[in-house]
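As a plain string of letters, each chain reads:
Protein chains: 2
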Amino acid sequence: MAPSAHPSSSPLLTSKEEEKYADVKWDELEFALVPTDYMYVAKYKQGESFSEGEIVPYGDISISPCAGILNYGQGLFEGLKAYRTEDGRITLFRPDENALRMQTGADRLCMTPPSPDQFVEAVKQTVLANNKWVPPPGKGALYIRPLLIGTGAILGVASAPEYTFLIYTSPVGNYHKASSGLNLKVDDKHRRAHSGGTGGVKSCTNYSPVVKSLIEAKSSVFSDVLFLDAATGKNIEEISTCNIFILKGNIVSTPPTSGTILPGITRKSISELARDIGYQIQERNVSVDELLEAEEVFCTGTAMVLKAVETVTFHDKKIKYKTGEEALSTKLHLMLTNIQTGVVEDHKGWMVDISS
Amino acid sequence: MAPSAHPSSSPLLTSKEEEKYADVKWDELEFALVPTDYMYVAKYKQGESFSEGEIVPYGDISISPCAGILNYGQGLFEGLKAYRTEDGRITLFRPDENALRMQTGADRLCMTPPSPDQFVEAVKQTVLANNKWVPPPGKGALYIRPLLIGTGAILGVASAPEYTFLIYTSPVGNYHKASSGLNLKVDDKHRRAHSGGTGGVKSCTNYSPVVKSLIEAKSSVFSDVLFLDAATGKNIEEISTCNIFILKGNIVSTPPTSGTILPGITRKSISELARDIGYQIQERNVSVDELLEAEEVFCTGTAMVLKAVETVTFHDKKIKYKTGEEALSTKLHLMLTNIQTGVVEDHKGWMVDISS
Numbered sequence: 001m002a003p004s005a006h007p008s009s010s011p012l013l014t015s016k017e018e019e020k021y022a023d024v025k026w027d028e029l030e031f032a033l034v035p036t037d038y039m040y041v042a043k044y045k046q047g048e049s050f051s052e053g054e055i056v057p058y059g060d061i062s063i064s065p066c067a068g069i070l071n072y073g074q075g076l077f078e079g080l081k082a083y084r085t086e087d088g089r090i091t092l093f094r095p096d097e098n099a100l101r102m103q104t105g106a107d108r109l110c111m112t113p114p115s116p117d118q119f120v121e122a123v124k125q126t127v128l129a130n131n132k133w134v135p136p137p138g139k140g141a142l143y144i145r146p147l148l149i150g151t152g153a154i155l156g157v158a159s160a161p162e163y164t165f166l167i168y169t170s171p172v173g174n175y176h177k178a179s180s181g182l183n184l185k186v187d188d189k190h191r192r193a194h195s196g197g198t199g200g201v202k203s204c205t206n207y208s209p210v211v212k213s214l215i216e217a218k219s220s221v222f223s224d225v226l227f228l229d230a231a232t233g234k235n236i237e238e239i240s241t242c243n244i245f246i247l248k249g250n251i252v253s254t255p256p257t258s259g260t261i262l263p264g265i266t267r268k269s270i271s272e273l274a275r276d277i278g279y280q281i282q283e284r285n286v287s288v289d290e291l292l293e294a295e296e297v298f299c300t301g302t303a304m305v306l307k308a309v310e311t312v313t314f315h316d317k318k319i320k321y322k323t324g325e326e327a328l329s330t331k332l333h334l335m336l337t338n339i340q341t342g343v344v345e346d347h348k349g350w351m352v353d354i355s356s
Numbered sequence: 001m002a003p004s005a006h007p008s009s010s011p012l013l014t015s016k017e018e019e020k021y022a023d024v025k026w027d028e029l030e031f032a033l034v035p036t037d038y039m040y041v042a043k044y045k046q047g048e049s050f051s052e053g054e055i056v057p058y059g060d061i062s063i064s065p066c067a068g069i070l071n072y073g074q075g076l077f078e079g080l081k082a083y084r085t086e087d088g089r090i091t092l093f094r095p096d097e098n099a100l101r102m103q104t105g106a107d108r109l110c111m112t113p114p115s116p117d118q119f120v121e122a123v124k125q126t127v128l129a130n131n132k133w134v135p136p137p138g139k140g141a142l143y144i145r146p147l148l149i150g151t152g153a154i155l156g157v158a159s160a161p162e163y164t165f166l167i168y169t170s171p172v173g174n175y176h177k178a179s180s181g182l183n184l185k186v187d188d189k190h191r192r193a194h195s196g197g198t199g200g201v202k203s204c205t206n207y208s209p210v211v212k213s214l215i216e217a218k219s220s221v222f223s224d225v226l227f228l229d230a231a232t233g234k235n236i237e238e239i240s241t242c243n244i245f246i247l248k249g250n251i252v253s254t255p256p257t258s259g260t261i262l263p264g265i266t267r268k269s270i271s272e273l274a275r276d277i278g279y280q281i282q283e284r285n286v287s288v289d290e291l292l293e294a295e296e297v298f299c300t301g302t303a304m305v306l307k308a309v310e311t312v313t314f315h316d317k318k319i320k321y322k323t324g325e326e327a328l329s330t331k332l333h334l335m336l337t338n339i340q341t342g343v344v345e346d347h348k349g350w351m352v353d354i355s356s
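If you read the protein sequences in the order shown, they are chains A and Y. For the first sequence, the numbering used here assigns the number 1 to the initial residue and increments by one for each residue that follows. For the second sequence, the numbering used here assigns the number 1 to the initial residue and increments by one for each residue that follows.
The hints are simulated quantities; they were obtained by calculation from the structure and are not laboratory data. Heads up, none of these hints are tricks.
Derived pair list, reagent style DSBU-like, types lysine-lysine, alpha-carbon separation capped at 30 Å:
{"id": "1", "chain 1": "A", "residue 1": "K189", "chain 2": "Y", "residue 2": "K212"}
{"id": "2", "chain 1": "A", "residue 1": "K212", "chain 2": "Y", "residue 2": "K45"}
{"id": "3", "chain 1": "A", "residue 1": "K234", "chain 2": "Y", "residue 2": "K234"}
{"id": "4", "chain 1": "A", "residue 1": "K248", "chain 2": "A", "residue 2": "K348"}
If we strip away everything but chain A, and leave its shape as in the complex, we get:
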């Protein structure tokens, strides 16, 4: 349930903080929608370029019943986070990467995207407009959700004649409630993506199809689902909303971005950090057999950042992996979150300060 936004339900806030912060119980934040004050909207009409876009009050949008997104799933989304640092700055984590990924996705779904510059500028404007919804340091982040959707009316299957680029935000806590590691189920029935499809871009069409698998797994007390490749059913691909890594010896392996898994920005960043501290990174097909023999397994994604996997269940086998303070996953998680929250200096050029 989303935290309540009633003033009376937030005894923790002082009158000074009320100016700086929205009235949210920051310690109770989950990964659920807490509507903020403003959103960004820009439009593209066939044959024109994207409108400049504007910050408007957050609220329902008006859309044709015949819109491409409602009928044919012509839509992309992105997800990124804004952080408030101890010294009071507001920063974004690698927004340029999200901007570029939207370009690739728009090409696959035959849409015209906003330019990367417009994308990043729009994200900045949206976060600054919702400044007081960025959680206090250490309490979470402001999750930012850019959408590019076909809002033009189209009866036959084709690209819509109008697109809307929209950004809304929500303060969030942890994606998974479990404080310990994830308990994954390997789904050997449903598949997420196939070669020649859209599994490699952040298309809305990759997500509703995994919900059935996710509900089945959660009803059996699993945290999430690991999908296998559609071609052979032998290699691991992706969790419903994040990438996967396995560790054995000095080698960290993760499935390659060859069109059926999302090229995660956290995935890319964690690979770089692991390499920095002496691990060998292999992007290659990883079989279920290898997964079951790994020493550590962990997942990465914008919403969860990095989460250790405690167990994997495949048919009747259940494997337990190393987690905890001595685990590589714990070390990498700390390295990345320290950069993201400004606890250590960012030598990577990943953080964008938007408060100055």
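With chain A's structure known, arrange chain Y on it following the hints.
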């Protein structure tokens, strides 16, 4: 372009007809949106049952930016047609089949559908409210588009807490402009669906991913695209929006509905009609090699009904098939459209008279 709805641009109509018919240039109808007067809307909220639904003026709907359909593609659609017969009745073609298909799709996408009875009743109400938009006999049909979409706000990937069941309509002419047969391109790069995915239900997520392939083919003067199976790339599956049949000798073959192609209602009806006149029907894997050696090829779907394929191009091979008056496709097309338009008596129980 949609036909104009300006009164001044329709010199064909007499004042008497103006009462019975909307102001449309019926002879110029294409398969494009011509908005009609009314639509049907019903809502479902988690833990409740579907609201009764009501006929409201056709127009934009209001939706949360965080809705499941906009972010995660949680949506299904259906397509069916209403016909006006020579003796003035208005009929529907097998609406119960669409109602049942929406049930199956809703189960796959974890949505609660309206009951089959509510579905059919809603279709009837919507058509009767738009009575004057049903084209005159022989001029086309009123295309009916039911949607079931996740309109509730949901931030993490999950089933939306609210669904909307909506029906809108549009008078339509032919789906493909070509009066002769289709010129299909076999796409050996993109795939449409995979086993364990959603290719067997009418999910919006199956459609935006094929647009790229369709645009590429149309820019090379092909009419449409034929997809191969994702597992082997050897068998034919489906055109972007319709099913496919091949004829050799006395045997009509069509790919099986095993989860990667849509179980078409026209497909099912045409199979039955072909069987009635002595052909053997085989639902089985059909290889590209067999396609290239067939005598006739044809496609079926609600929008196009049945259309002969004149040529298929696979890599650098281009095969020409039998079409025209002597072709089986022409015979089957006539058999089905005669039933649909009331020219011959319906002994199948397929047509539902909603005007009485």
